[in-house]
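Enquirer: What follows is the residue order along each chain.
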Amino acid sequence: MPWIVENLWLIAFLPFLAAGISALMPRAQKKASSGIVIFAMALSLLLSLKAGGYLLKAGSSHETLHLVRNFDWLPYGDTVIRLGFLLDPLSAMMLFVVSFVSLLVFIFSLGYMDHDENFTRFFTFLSLFAGSMLALVIANSLLLLFMAWELVGLSSYLLIGFWYQKPSAAAAMKKAFITTRIGDLGFFIGLLWFHYASGTSLFYDQGQGALDPTKLSILGGSAALWISLLVFCGAVGKSGQFPLHVWLPDAMEGPTPVSALIHAATMVAAGVFLVGRMYPVFEINPTALEVVAFVGAFTALFAATIAVAQWDIKRILAYSTVSQLGYMMMGLGVGGYVSGLFHLFTHAFFKALLFLGSGSIIHACHHEQDIRKMGGLKDRMSRTFVCYMIGMFALSGVPLFAGFFSKDEILLDALHFHPANLPHFASRIPIVFGLIGAFLTAFYMMRQVKYVFFGSPRDHGAQHAHESGSPMTLPLIFLALMAVATGFLGWPGHSWFHHFMEPAAEAHPTNLYLMLGSIAIVLIALGVSAFVYSGEALRAGAVDPLEARFASLFRVLNNKYYIDEFYEKTFVLFTRTFSRIIVRFDRYILNGFFVWGSALIVYGLSLVNQLIDEAAINRGFDKGCRSVRTGSQWNRWIQNGLSQHYLKITSLAIVILFLLALFIGRT
Amino acid sequence: MVTLTHYLVLAAVVFCIGLAGVLTRRNAIMVLVGLEMMLNAGNINLVAFWRYLGSQAMSGQMFAIFAIAVAGAEAAVGLALLIAVYRHFRNVSVEEISSLKG
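Sequence order for the protein chains is A and B.
Sequential numbering of the first sequence, starting at 1, is according to our numbering.
Sequential numbering of the second sequence, starting at 1001, is according to our numbering.
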């Protein structure tokens, strides 16, 4: 077995180790703690690159596609639950993305979190997250994946609530944890079913793993459908798909590097990764993939419309993330395994770039996040501006930037989406939603950029803004380079990425009309947005042109379709009422009847006991005590502390001795 | 004629007076005075034995002089202790001072 496969676990272990060491460090050791964490991450990145390089060198022969290292974990009875680590193109790709973005975000945090007194704790949590995410990626067992899945959920929870003194952050961390837990329940049931149906929890195991063709063929159509849908529940929760998307925008309460790393680039993509990993199961029953496609397409459009009417710079990006994750799901759902993952790949870089850029802006504007209070930052923060523009072009899908290639791949696959069991108009929904979503994406990104960078400063925070230091701008530059470069890996028709991920399958031929159409849509959207948000609209105190034109629609969008309020009025209210009933039951039936009843019986018994105690035991004890006391009285007389008394005894003793000596001397 | 027995009886009487003082007086200073008397009774014995047993060496007188020096030192230390005790208890009655704890 090659060295790198044997030691694949090191990639995840190193950040865990760094987190452990950093956790034990005193709070003042900022340099040492961040140094260890960054060093461990850099080593992980090197190992990830080595793993990727090994796969590249090994070529595309089919046996080398899934290199595994399995081990026994939990023996019970005759069976053993086995876990393992897996190196295949999917995990190699994710390893690179996660470790690369993590490293840059860590470096960025050096600058961003510099003044925070809990700097060490922040790096500990970041490293814990990176370790769990890397473990998730290389897991060769749905069970191990689930463990890592919960660990990233935990670190996300800890980092969203990093500033837990803020009530909004404390609420957001709980919301994120509970909302994703709803999805995870489905995932867990799916996991058990999957284990039961295939008899092993390993994905690949020399032809005996659950995802190996021999085992897959045992799986029935309906079982596969249910397992897929249950696992997809987990993905919906983690990747912020409708209807469990509500936690992701609130998660922006965390520090911005956290938003960039966890809630844009890596953890939220874990849901997409999970669907990608379980793709062979999803493929068995076409209905499963159709559900994925429609949920994804709806989320992509739905979140994009909300993003148009938001004011908070990070919330716009958060809804954009939800929307882009929808695209990825849609890509996977319409049969584009490679295109969905390619979008995951490129999105990780340019969305991390945008979030770190927004972090740089927020840092410069004294923690102001409202884009209405920014403006004119173009000249004050030129480096951030250039990087942000690159990220924005990549996200909008401007030709030759990364997002263009990956989004086009998804749309191309959506165009070829013709399942036999769906009517024609239904199979057109993904492509139509995707195109409208692309229009909205370009529109809201241009709106945000105009508000933030153009016009004149509308608040004193923006007036005094200046460029951030190099720990913050350097990662931006690296990510900006990646946001351009990664796109070319998926050049239409000659996609290196496609060849790497799935050498056997052929991609759809490029459709020139679709490509030109989407380019036109993006350019029109950018133009319209730039036109609408110019001149008067960027003055201080001006009303958003959309708000002026479509007041009621804008209000609905600004309030996110009132979904939070709806949940508040239904699920939350129901849970609260239900728990109130439970409390009543507890207080009156359980506590009142059972607890008090048994307490009274115990009380009666103890009264009897007390009588016995007093009569039998106490008396005997008292007697003993009295005799000891009498004995001590005499001792006390001798030892009373009066020196004259001692002297008297001494003299008496001498006299007695003298008399004794006298008598004995006589005889 | 004054014999050795006279001296020994005198010493015994002085000793008993001293002992009685030590055992009965309440004032610690008077207890110290009693102690001095007991020591001096010893000195009388030493000198008397030296004189009547006809020793050529000056050992008896030397013992007495040493005893007087030691008694002086003892009196100094005793009085200093009494002052310290008085400062603490505002009292030098030996019947009141019965505990080691301050």
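Read the hints as simulated data drawn from the structure, not as lab findings.
Misleading hints may appear alongside valid ones.
[Claimed, not checked] Computed list of lysine to aspartate or glutamate pairs in EDC-like fashion (alpha-carbon distance at most 20 Å, straight line):
1. A:Lys30 with A:Glu150
2. A:Lys450 with A:Glu547
3. A:Lys31 with A:Asp116
4. A:Lys648 with B:Glu1036
5. A:Lys648 with B:Glu1095
6. A:Lys166 with A:Asp116
7. A:Lys450 with A:Asp544
8. A:Lys648 with B:Glu1096
9. A:Lys373 with A:Asp312
[Stated by the list, open to error] Just a few of them, taken from the derived set where beta-carbon distance is under 10 Å, the chain B residues facing chain A:
10. Ile1017
11. Leu1039
12. His1088
13. Glu1095
14. Ser1099
Computed from a predicted model, the values in this text were never measured in an experiment.
By construction, the Cβ of each residue, glycine as well, lies at the ideal position given by its N, Cα and C atoms.
Enquirer: With chain A as the partner, please determine if Ile1017 of chain B meets the hint condition of a C-beta pair closer than 10 Å.
Expert: Interface hint status for Ile1017 of chain B: violated (14 Å vs cutoff 10 Å).
Enquirer: Return the status of the interface hint for His1088 of chain B: holds when the least beta-carbon distance to chain A is below 10 Å, violated otherwise.
Expert: This interface hint is violated because 15 Å lies over the 10 Å limit.
Enquirer: Compare the distance between the alpha carbons of Lys648 of chain A and Glu1095 of chain B with 20 Å, and conclude whether the hinted pair is satisfied.
Expert: Given pair Lys648 of chain A, Glu1095 of chain B holds - Cα atoms ~13 Å apart, limit 20 Å.
Enquirer: Taken at face value, is the distance from the CA of Glu1096 of chain B to the CA of Lys648 of chain A at most 20 Å?
Expert: Judged against 20 Å, a Cα distance of about 17 Å means the pair holds.
Enquirer: Between Lys450 of chain A and Glu547 of chain A, does the CA-CA distance stay at or below 20 Å?
Expert: holds, 16 Å
Enquirer: The hint names Leu1039 of chain B as touching chain A; please verify it with the least Cβ-Cβ distance against 10 Å.
Expert: At about 15 Å, which exceeds the 10 Å cut-off, the nearest Cβ of chain A leaves the hint on Leu1039 of chain B violated.
Enquirer: Have a go at the Ser1099 of chain B hint: is there a Cβ in chain A nearer than 10 Å to its own Cβ?
Expert: At about 6 Å, which falls below the 10 Å cut-off, the nearest Cβ of chain A leaves the hint on Ser1099 of chain B intact, so it holds.
Enquirer: Given the proposed pairing of Lys648 of chain A with Glu1036 of chain B, does the C-alpha separation stay at or below 20 Å?
Expert: OK: Lys648 of chain A and Glu1036 of chain B at ~17 Å, within 20 Å.
Enquirer: Has the given pair, Lys30 of chain A with Glu150 of chain A, been kept, meaning a C-alpha gap of at most 20 Å?
Expert: violated, 28 Å
Enquirer: For the pair supplied as a hint, Lys166 of chain A and Asp116 of chain A, confirm whether the alpha-carbon distance does not exceed 20 Å.
Expert: Within the cut-off at roughly 14 Å; holds.
Enquirer: Straight-line Cα separation of Lys450 of chain A and Asp544 of chain A no greater than 20 Å?
Expert: The hint holds at about 12 Å.
Enquirer: If you draw a straight line from the CA of Lys31 of chain A to the CA of Asp116 of chain A, is it 20 Å or shorter?
Expert: Measuring from Cα to Cα gives roughly 13 Å; hence the hint holds.
Hints 1, 10, 11 and 12 from the earlier list are contradicted by this structure; the remaining hints agree with it.
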